[in-house]
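J.: Listed below, chain by chain, are the residues.
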Amino acid sequence: MSNATLAVPPAPPQAPAKKWGDQAFKLITLLASLSIIVLIVALGYILYDSSKLSINKFGFGFITGTNWDSVAGIFGALPYIYGTLSSSLIGLLIAVPLSVATAAYLTDLAPVWLRQPVVSIIEMLAAVPSVIWGLWAILVMVPFLRDYIYPTMQKVLEPIPLIGQLFSGPIYGVGILSSGIILAVMIIPIITSVSREILRSVPNIQREAAYALGATRWEVTRIAVLSYAKRGLLGASVLGLGRALGETMAVTMVIGNKSDISASLFAPGYSLASVIANEFGDATTPMHQSALAELALVLLGVTLTVNIAAMLLVKTFTTKETRRVA
Amino acid sequence: MVPKIMKDEVAAVNNEEENVQEAATVSLDVNDLCLWYGKHQALYDVSIKIPANKSTAIIGPSGCGKSTLLRTFNRMHEVSPGARMSGKVHLFGEDLYSPEIDPTILRRRVGMVFQKSNPFPTMTIRENVLVGLRLNGVRDKKILNERLESCLRMAALWDEVKDHLDRPGTGLSGGQQQRLCIARAMAMEPEVLLMDEPCSALDPIATMKIEELITTLKTKCTVVIVTHNMQQAGRCSDFTAFMYLGKLVEFDRTEKIFTNPDKQQTEDYITGRFG
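Just so you know, the protein sequences line up as chains A and B, in that order. Each residue of the first sequence is one higher than the last, beginning at 1 in this note's numbering. Each residue of the second sequence is one higher than the last, beginning at 1 in this note's numbering.
Simulated from the structure, these hints should not be mistaken for laboratory data. Heads up, the beta-carbon is just placed ideally off N, CA and C, and yes, glycines get one too. Any given hint could be a false lead.
Unchecked claim - Below, in silico cross-link-like pairs of lysine-lysine (BS3-like), each with a Cα-Cα straight-line distance of 27 Å or less:
1) A:K315 with A:K230
2) B:K116 with A:K230
3) B:K88 with B:K162
4) B:K256 with B:K218
5) A:K315 with B:K116
6) B:K116 with B:K220
What the hints assert, rightly or not - Some chain A residues flagged as far from chain B (calculated, every beta-carbon gap over 10 Å):
7) S33
8) I37
9) L98
10) V112
11) V128
12) I160
13) Q206
14) L213
15) S259
16) A309
17) K315
To be verified - Example chain A residues on the side facing chain B (calculated, C-beta under 10 Å, incomplete):
18) L157
19) E158
20) P203
21) A209
22) A210
23) Y211
24) G214
25) A215
26) R217
27) V220
28) S227
29) Y228
30) K230
31) L234
Just chain A, with the same shape it has in the complex:
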């Protein structure tokens, strides 16, 4: 008797409805996430479609070509690719040490009352529109660098073999280095706040382990915190690089807008995003428009690659983390 009742338990009446609700929820979220993929694929396809003319004419030469002449109809993107990559890398080289140091200070060293206000200010910096950064750079930063910092840098660094080349030539103020510096200022907030989250996720027992061995504060930060978090910090940096690559307005205002590849970092350059922004309104011939679309495609490819790399890095970091906690 009791066996029979156990074998056929009364079905809970809500169960099918609940299951249907779950299914619907799953489907909706799936569609939402698919739509993002569709959007990116569609974007890539449209850029590819509109740049067909230029792709067919120049092929791989578009990427290696150094001449960009809209009147003669010759388009080579290398100076812009160089400008984008070099200014972003300079930005990254300046921003990462500053950001990681700031994050380490804010998580482990700063007095508690100081932490939140500083974090808020840093996050506010991220909200400053890029045109304002550009304006500040052109009015304040560039003249200051041109008159005081660059001449000193040139005097000190130019005689050094190999790297001396980077600091040779005339100083205009605007140029690759200036745009790298303004990019650094702009990506410091994002790298700092992501780094801070990563450093905060380092378990306290790691710090205690180092303290208990008689480590000083710096040694604790080095052996227990930074080395534990290095993968995540790398991810944070690449995220910043992704931002820097696509930044348009401020770079356009300080890079000099000259399609040259020069060994000197003081020399003016041009970035992918800046060319598109500057020329698209005036592009009259189909070939010119198509070449600009191909520039956009190249830029999209570079930023997507960098961002995917960043996501993978951060992901491997977090899965390692959860495994350790489990």
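Assemble chain B onto chain A, guided by the hints.
T.: Chain B alone, transformed into the frame defined by chain A:
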């Protein structure tokens, strides 16, 4: 580091009839220790003399201040913001809180093992054991290798890891990781080893291995172990301190605490009437 004479004194202490607290060399001497976290007082006037080269267990219910007390022995409580204390702690007669004492140097003399094993995940087994020496600037390969083997043997881990010393320390099992942490602490040749519930995350077999280790460890240094497991205190300590609500209730030989405690509160806790 431990003076030679002490070995004899310790031998004398083994004699059951002796009044141990007077005869044994005192390793840690705590006087009227009070400690606050912000406005909350965690320790009230704790005074205790912990004998050298013995293992002393600190027992008591959760939140009674036993871990806090342990952390004042290597000034680890100073790492957490808002902690302040009054009173004195002497290590072999030396005031731990005098301005001349650098806490980072002190922590090399007073090692610590934590509740959850915490080897450095980016370091190999070898690097984990030797990290403390490296921080001290020891570079001599021969010394490092000798210390590596002796500490891993002391922690009863050598036979299990000797063939893969260059694998990450976090690849070991929980019990092995905890023994690795013991080896890491012992590599500094500390005068005192503090253990903060070292077995609470381990299975019975791993726990047993750590308890057996304590017998070896106390020949090298003074062992102070915080535990909420009374059987463990009974098994592996010579002396037991019972704490309740931030106060030291009773401190005596472990057999005495467990068979014939002086205080009613101790007896109630031991017999499982509360806690």
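J.: Can A:Y228 be said to touch chain B, with a Cβ gap under 10 Å?
T.: This hint holds: A:Y228 lies near chain B, its Cβ roughly 6 Å from the closest one there, short of 10 Å.
J.: For the restraint on A:A215, tell me whether the closest CB of chain B is nearer than 10 Å.
T.: Check passed: Cβ of A:A215 comes within 6 Å of chain B, closer than 10 Å.
J.: Hey, does the A:S227 contact hint survive, CB to chain B under 10 Å?
T.: holds, 4 Å
J.: So, as I understand it, the hint says A:P203 touches chain B; can you test that by seeing if any CB pair is closer than 10 Å?
T.: It holds, given that the least Cβ distance between A:P203 and chain B is near 7 Å, below 10 Å.
J.: Over 10 Å to the closest beta carbon of chain B is the bar; see if A:S259 clears it.
T.: Its Cβ never comes within 10 Å of chain B, the nearest being 45 Å, so this holds.
J.: At a threshold of 10 Å, is the proposed contact between A:V220 and chain B supported by beta-carbon distances?
T.: holds, 9 Å
J.: Holds or violated: is the Cβ of A:I37 farther than 10 Å from all Cβ atoms of chain B?
T.: At about 34 Å from chain B, A:I37 clears the 10 Å cut-off, so the statement holds.
J.: Non-interface claim for A:V128: all C-beta distances to chain B beyond 10 Å?
T.: Fine: 32 Å to the nearest Cβ keeps A:V128 off the interface.
J.: Hinted pair, alpha-carbon criterion (27 Å max): B:K256, B:K218. Please report holds or violated.
T.: holds, 20 Å
J.: Quick one, is the A:K230 hint okay against chain B at 10 Å, beta carbons?
T.: This hint holds: A:K230 lies near chain B, its Cβ roughly 7 Å from the closest one there, short of 10 Å.
J.: Over 10 Å from every CB of chain B: does A:L98 meet that, or does the non-interface label fail?
T.: For A:L98, whose nearest Cβ neighbour in chain B is about 23 Å away, the distance exceeds 10 Å, so it holds.
J.: Quick one, are B:K88 and B:K162 close enough, alpha carbons at most 27 Å?
T.: violated, 43 Å
Checked against the numbered hints given earlier, this structure breaks hints 3, 10, 13, 14, 18, 19, 31; the rest are met.
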